[in-house]
Every structure is written in structure tokens, then in C-alpha cells.
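Residue strings, one per chain:
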Amino acid sequence: MIGFIAARLLQSIIVMLAVALIAFALFRFVGDPINNMVGQDTTLEERAELRERLGLDDPFPVQFARFAINAAQGEFGFSYQHRRPVSALITERFPATMELALVSAILAVAVGIPMGVYTALKRYGLLSRSFMTLSLIGISLPTFLIGILLILFFGVILRWLPTFGRGDVIAIGWWTSGLLTADGLRSLIMPAITLALFQMTLIMRLVRAEMLEVLRTDFVKFGRARGLPDSHVHFSIALKNTLVPVITITGLQLGSIIAFAIITESVFQWPGMGLMFIQAVAEVDIPVMAAYLVLIAFFFVVINLIVDLLYFAVDPRLRVDRAGGH
Amino acid sequence: MSLLDVRGLQVEFPSRRGHVVAVRDLTITVEPGEILGIVGESGAGKSTIGNAVVGLLEPPGRVSGGEIRLQGERIDNLPDALKRALRGRKIGMIFQDPLTSLDPLRTIERQLVDTIDYHLKLGEEAAVARAVGLLDAVGIPDPAVRIKQYPHQFSGGMRQRAVIALALCADPELVIADEPTTALDVSVQAQILDLMKGLCWDRQVGMILITHDMGVIAEMADRVAVMYRGRVVETGTTAQVLGAPAHDYTRSLISAVPRPDVKVPRFPRVTYIEDAAELPEDFDLSTHWLGQARNFGAGHAELVRLEDASMRFTTTRSMWKSRRRYLDAVDRVSFEIRNGEVFGLVGESGSGKSTVARMITGIYRPTGGRIRFGDTELTALQSRAAAAPYRRQMQMVFQDPFSSLNGRMRVRDIVAEPIHFHKLAPTRAEAARIVDQLLDVVGLGAQAAQRFPHEFSGGQRQRISIARALATRPRFLICDEPTSALDVSIQAQILNLLKDLQQELNLTMLFISHDLPVIRQMCDRVGVMRHGKLLEVAATDALFEKPKHAYTRHLLSLMPKLERIMQPKMAE
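Top to bottom, those sequences are chains A and B. Read in my numbering, the first sequence has 88 at position 88, and its numbers run on one by one without any break. Read in my numbering, the second sequence has 59 at position 59, and its numbers run on one by one without any break.
Keep in mind the hints are simulated off the structure, nothing from the lab. Some hints could be false.
[To be verified] Below, computed lysine-lysine pairings styled on DSS-like, alpha-carbon distance capped at 27 Å:
#1 A:LYS221 with B:LYS197
#2 B:LYS533 with B:LYS546
#3 A:LYS122 with A:LYS240
#4 B:LYS533 with B:LYS321
#5 B:LYS83 with A:LYS240
#6 A:LYS240 with A:LYS221
#7 B:LYS548 with B:LYS533
#8 B:LYS148 with A:LYS221
#9 B:LYS499 with B:LYS263
#10 B:LYS121 with A:LYS221
#11 B:LYS263 with B:LYS548
#12 B:LYS546 with B:LYS263
#13 B:LYS121 with B:LYS83
#14 B:LYS83 with A:LYS221
#15 B:LYS546 with B:LYS499
#16 B:LYS148 with B:LYS121
#17 A:LYS240 with B:LYS121
#18 B:LYS148 with A:LYS240
#19 A:LYS122 with B:LYS83
#20 A:LYS221 with A:LYS122
Taking the hints into account, I'd like the entire structure generated from these sequences.
Pasting the structure below:
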């Protein structure tokens, strides 16, 4: 178990270093950083001095090591566009994205799993069939279209919900939360649904397929043959076994919710990291792009690690046989 | 009043193309403490009976006629909730495969306690005590400790004991056991059968024992019902049905069971069953493709020789040598296979029989020892290319006819694949012609070439496998449990086919099986394996008459005692 975690951590570090290398290459080699930083009227001497001061004349490994060490401490330099430290920008934007992603993830899991279970158990029911049809729409319509349609319907025609921004937020230390004000919650509804819809339908279809598989197994039949009530057979036996493979996919999906927030955030002008990234791309603000890249990779690595550990919790077959009882 | 009384039961599965009647006009009774055996081949409707009685027919199946009474009360027309209350409480069920019957994610304790709690409402503490008691009763040592474990920590036999304990949770009056020992080794099978028999007697539980195995029936059942295509063709006491079968089908079925006591040249043909193709009469080897390249044959007395061949697998990896764990799947095994003989390897699962076959064919590279094939030392060959000509001369027939054929290829391409791989035919047309001939030889006919594997039954698929194995004109054929997945009548046909081919083509064969009667019928010499070691090698008759090793004697004592009942008639 400990060996397994150690191996996983080592792998994670290698992945992070590889991503950092790409981010660094982006920073160092896409355009001249000095050119991006200074105005047109800067003299050659001033440029050389700046280059010297920023260490851009040092050999490649030294520069990369400096970048990696700084990145590990959350330092990604200054944004070209905003003239502020990237870390400060991210701290400011981070809560907005996290709140949106978490609410969407909870929505996707809390709706997707029960719908998957329901459609598996009542395979030929009318409601199941309509869920399946709807899920097809959810899976095939692009996110931005759903967002725009929601804005059109609930924002423009019905005027029930705000169409952009986070609404009122309350600051709790450095964290700003929109979950505590009515306006913030109202602003959250449409972006969260837009972001969750794809993952929701994916989780639903996945749970359904796995559940149908598990319902055919002998241990489910044997449970029925022992006279256990349906609720027990379906939820204690079948659902638990269904969740083993579902955990992997769902875990990875949570990562992509954070990553894919870019589109939703642009549609709803949500002041999160995704919007910041899009603006950074438009302005070739390379430190921001590099920081975003490393941060998202970090999320994926952490989520993967958690998923692997969850396996141990759920599936006893993976636990090392300490008692040696064979 | 009988415990279970089924009268005129009819079960049908409605479909768009009309109703399939799975069970027709079935009348059986079971008394308390009695074991009723239901025997028949696959598709006869045996399992459907069990499912109908407990009310677990797979939809859209339904009982469309007759009635089922348990202790005088009609149960087939109860609403679902009441039927469910009967399951586990009045009727227990035991399934075939103990490896898949238990929930892998919950401890044995949790599964037992949940079941006990639901039926008996004893409260947690009393339920745990009862669960431990049940495990003790089904012969699990150290039950208080083992109960905390998960199913994967139990061996196959232990799991089946746990399954039996689960079925007995609420003291049912009737137990339906559907092929309870088919997935188990003979020695484990004997223990489980003993256990079930004892439990039936002690607790005065009635049992329906559904099986395809005549040996199990002879051992266990008080009365037997023989099923064929959804009907009971014959019913009576075990001695009567097995000793003096009245119905043609029963007679053919019994005659197809390999006899453990004396070697017969061929199995009697099961005339009652269709699809009993035989070798074509005009099979002339001198003109046939299979006979043309008989470059092999004479030369050496022995074809294959193993010297201290060993195979060690790492079961626990670790950076530290002291913490690594190994499994010696084959441990210094030495024997030789003579030209033209059928050499049998017998042993229980995990004894290393199949690993030996895989070492000879080169699927595994031995971790120690030497393997010779003719003049060549296979273990000394370095590259796959160097080994290719030898691998062409040895082919394998596998156990499972369903997974050993690629379902997306036509039979023609499946059989032609080795021909193309070893470049044995100059043109595609020539290869196709050879495939047609091969399919004729195995009794399928050339028209089978156009079809896909799923259109064939298990026995027919095994014929395709044999045709594919013959396609390289091998001199050495390895059959790894070639008939264990087949019904007994089909098994007889396939074994006859293998015997014929072996004689016609003068093949040398390694025949692997856990089934002693089959080994007796097929092999000239036999090796007995256990835990990776070869314990004894002897001529077949000598081995069966005068076994030297204690384990061999033990295995022989576990053989189904069919002859005990059949003997009087056979002796006449």
C-alpha cells in the first residue's frame, strides 16, 4: 500500500515536471519575453539590462530549474497584460472557477448516478426512454450552444436569471463566495447547468451500462434467490459493484470540468480562470497561459491520485492481503 | 403430502417468432430429506425448472400451465412480494460457479448477516452468532476468523461452502442446487457432495439436484428425472434409471459416459441425438492432403522429452529479493512422449498440466530444464523464427470452444490462418481447397466454411478447432481439456473423432484432462500431476489397476461411482 502510494507520487512528480517543461518552453521560446514586456521605445541597452536581470542569458537547465522551483512555490512571474503577479491574478480568479466546477460536479454526480440507476432498473419504462433520448441531446449538443440557448430563454425572454457575471460575492479571507447571496446563487444556476450537462449525461450512460452488466452477474441473481428485498439487491449489492469502474471515469471528468470551464466562463462572462485564460491567449500573455497549464495539470494529477486511493477503499480485492489467508 | 409437488408445469418464453416452450408437462415431487436428481444435457430445460420453482424466471419467461405446490400451498400464482418471502426462507438455491456467486465487495459476514437479518430478524449479535455457526456447519475451519474475510480470500471449495451456508441462512425446507459442483475439482467436489448429502439428511431438507453429470447423480440422488428437450422422458429411483434405463435417450446418455473400469475402442454412437456426424467412409489418406506430406513418422522412439522442465512465476513483486514471492507452477518435471502414442496428463486445477503444454508449445519459456522435440532442443532456440518450423509441427486444441475461435472471422479464414501463416499452400484457392477437405475430415462438411463460429454448437466449434489444429499437418497434437465444456453425448463424438484422427494420421498426442474416465479411454500412458510436480507415470491400465502413488489412489477413489449401479447389468 505504502509502496503503491510512493510509486504513484513519483509518477505524479514526473508528470508535473513534463508539464512544467512544456509550460516553460512556451514561456521561453514562443516569442521573445523581453519584446512582450517592454514598450516600443525601450532602448537596446535597457533591453539587455532587463534580459540580464531576469536571468534570460543563463543556460537552459538553470532557467528551467528556476522556473520549476518558482512554479512549485506558486510564482509564475508577471502578467504582461495586467502588470501584476500571475499568482495574485489566479488567487483572485480561483474561487469563481472552483465554485462553478464543484457545483457542476455535484450536480452531474447527484443527478447522473440516480438517472443511470433508474434507467438500468426500469429499462423499458417510458421515463427511462425519455431520459435516454434527452441524454443523447445532452451529449451531442455543444456546451456553448446550450449556454446560449439558456441565456436566450431564461435570461432574455423570461428575464428570470442574470445572464453574466457572478452577482454579489462575499469575501471570506482571500476567498470570494457567491454561494452565500441570493444574487450569487441565481447567477450560478445557468453556468452550472451548462457545465454539468455533458458530464451528467456521460455519467448517466456509464452508470446505466455498468449497472446492466452487474445486474446480470451471478451474485445479483444469488441475492435475489436468497429472497433479499429489491432495494438491498439493487443498491447494496449492484450499485456498489457498479461504482468501481464508474469512479475512474467520474474522477477524470471532474478534472475536465475544471478544464472545460473555459467555454462556459466565456459564454457567461464568468470571472474565473477560464475566462482569464481565454483573454491571456488573445493577448499572448504567456506567463498566465503557462501558469494555467501547470495548474490544470496539477488538478488532474491530484484527482488521479485520489481516484487510485478510492479504489483501495472500495475494492477489497486490491488491498494487500496482510492476514495472508489464502 | 409431499414437500414439493409440481404438476403439469409448462414454462414458455414468448418471442416475436412464437412461443418457445422450455419445459413441457413436468410432474415431479420431492419429499423432506430426499434428493431428486434432474439430469439432462444443455438446453434440456433443467435450470428453467429451478428458476420456475423459486419464481425467478428471466423475463419474458413465464409459467403458462400446471401448478407448483410447496407443503400443499400453491406458490406459482403468488404475487411477487410473497414469492420473494419464500425465497431463502422456504426455498434455498445454490448456483454453479462459486467464484461469481458471492458479492466481491462485501465480507462473508456482511452477506450472511444481511440475509439472516432480513429473514429471521434476530438482531445483529444473534445473527453474527448464527452466521458463524452456519460456517462451522458447512465445514469452514476457524469460522469466527474467516467470516471477516472477503470472497477472494477463499478458495473455490470454501466459497461453495459459503454459498451453501448462505442458502441455508433461514433454514429452508427445500434446496435447489443447480450444477453445484461442476466448477470444482474432483476432490473438492467429493467433499461438497458429502456435505450437501449430510445436510439434507440432518436437517430433513428436500433437494433438487440439477446436473449433467451421471456420476454426481449416481452418488447423490435418491430418485432421478431424465430430461430431454423440455420433457421428462423417464423418472424413477436412481438404481432403476441408471441400472435398467427404460427410455432410449437414457440408454444412449448412459452409454456415452466414459467408463472408468475398462477401455473400449470407441464410444457407442449416440443415435438418439442428431448432429452425430462421423468420419466420411471414403477417407483415403494416401490421396488426401493430410497424408501427402508425411515426412515425419519413424526415426526416433520418442518425440518429446522434458528434462527437469520448470516454470516459476513471480506472484509478489518487490524491490527486495527477500520479499518476492514465487509460484512454482511446474517443478522439475521429466517425462517423454513416444512417437504415435497418446500421453495423458491428469491432475486437479492448479497442478500445472496446462503450463506443461504451454512450455512445450513455447507460449511460456521454461525458467529451468530442457525440452526436446525430435532431435532439436527447443529450449536452446533463441528466436521465434528458429522455433517456427517446430511450432508448425505441434498444434493445440483448447478447452473453451467459444473463446478459442475468433467470432468475427469466417470458418474458412479461421482454418486457413495457420496455412497462410506457415506458407503451406501456394495460392489462396489451394488453401481454400485444403480447408474444405479438413472440414470434411472433422465431419462438418465443406459448406461450413462460409459460416461464422456463432452459428455452430459447442461440439461443432470444437470440430472447427480440431480442423484448424490439423491445418499445418502437425505430428504432435496437444488437447487441453478438449471436451470439459461439452455435453456427454457430444464429448463421446469428439473423443471418437480424436481417436480416429490419431490412428489415421499416426499423430502423437498430449491429452490433458482432469477427468479420469476420459483419460482411461483416450491414453496409452498417463502422468499424474499435483502442485507442479509429476508424481507418477505409468501405462494407463497399470495406473488404474495398480496405482503406486498415494495421491493417485486418492484421485481414483474420487471417481464417480457410476459402475456401482451399472455393474450388475454390465456384468450380465
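To see whether the hints hold, each was checked on the structure:
{"no.": "1", "hint": "A:LYS221 with B:LYS197", "result": "holds, 24 Å"}
{"no.": "2", "hint": "B:LYS533 with B:LYS546", "result": "holds, 20 Å"}
{"no.": "3", "hint": "A:LYS122 with A:LYS240", "result": "holds, 18 Å"}
{"no.": "4", "hint": "B:LYS533 with B:LYS321", "result": "holds, 25 Å"}
{"no.": "5", "hint": "B:LYS83 with A:LYS240", "result": "holds, 26 Å"}
{"no.": "6", "hint": "A:LYS240 with A:LYS221", "result": "holds, 15 Å"}
{"no.": "7", "hint": "B:LYS548 with B:LYS533", "result": "holds, 15 Å"}
{"no.": "8", "hint": "B:LYS148 with A:LYS221", "result": "holds, 23 Å"}
{"no.": "9", "hint": "B:LYS499 with B:LYS263", "result": "holds, 13 Å"}
{"no.": "10", "hint": "B:LYS121 with A:LYS221", "result": "holds, 22 Å"}
{"no.": "11", "hint": "B:LYS263 with B:LYS548", "result": "holds, 20 Å"}
{"no.": "12", "hint": "B:LYS546 with B:LYS263", "result": "holds, 15 Å"}
{"no.": "13", "hint": "B:LYS121 with B:LYS83", "result": "holds, 19 Å"}
{"no.": "14", "hint": "B:LYS83 with A:LYS221", "result": "holds, 15 Å"}
{"no.": "15", "hint": "B:LYS546 with B:LYS499", "result": "holds, 25 Å"}
{"no.": "16", "hint": "B:LYS148 with B:LYS121", "result": "holds, 21 Å"}
{"no.": "17", "hint": "A:LYS240 with B:LYS121", "result": "holds, 24 Å"}
{"no.": "18", "hint": "B:LYS148 with A:LYS240", "result": "holds, 19 Å"}
{"no.": "19", "hint": "A:LYS122 with B:LYS83", "result": "holds, 20 Å"}
{"no.": "20", "hint": "A:LYS221 with A:LYS122", "result": "holds, 17 Å"}
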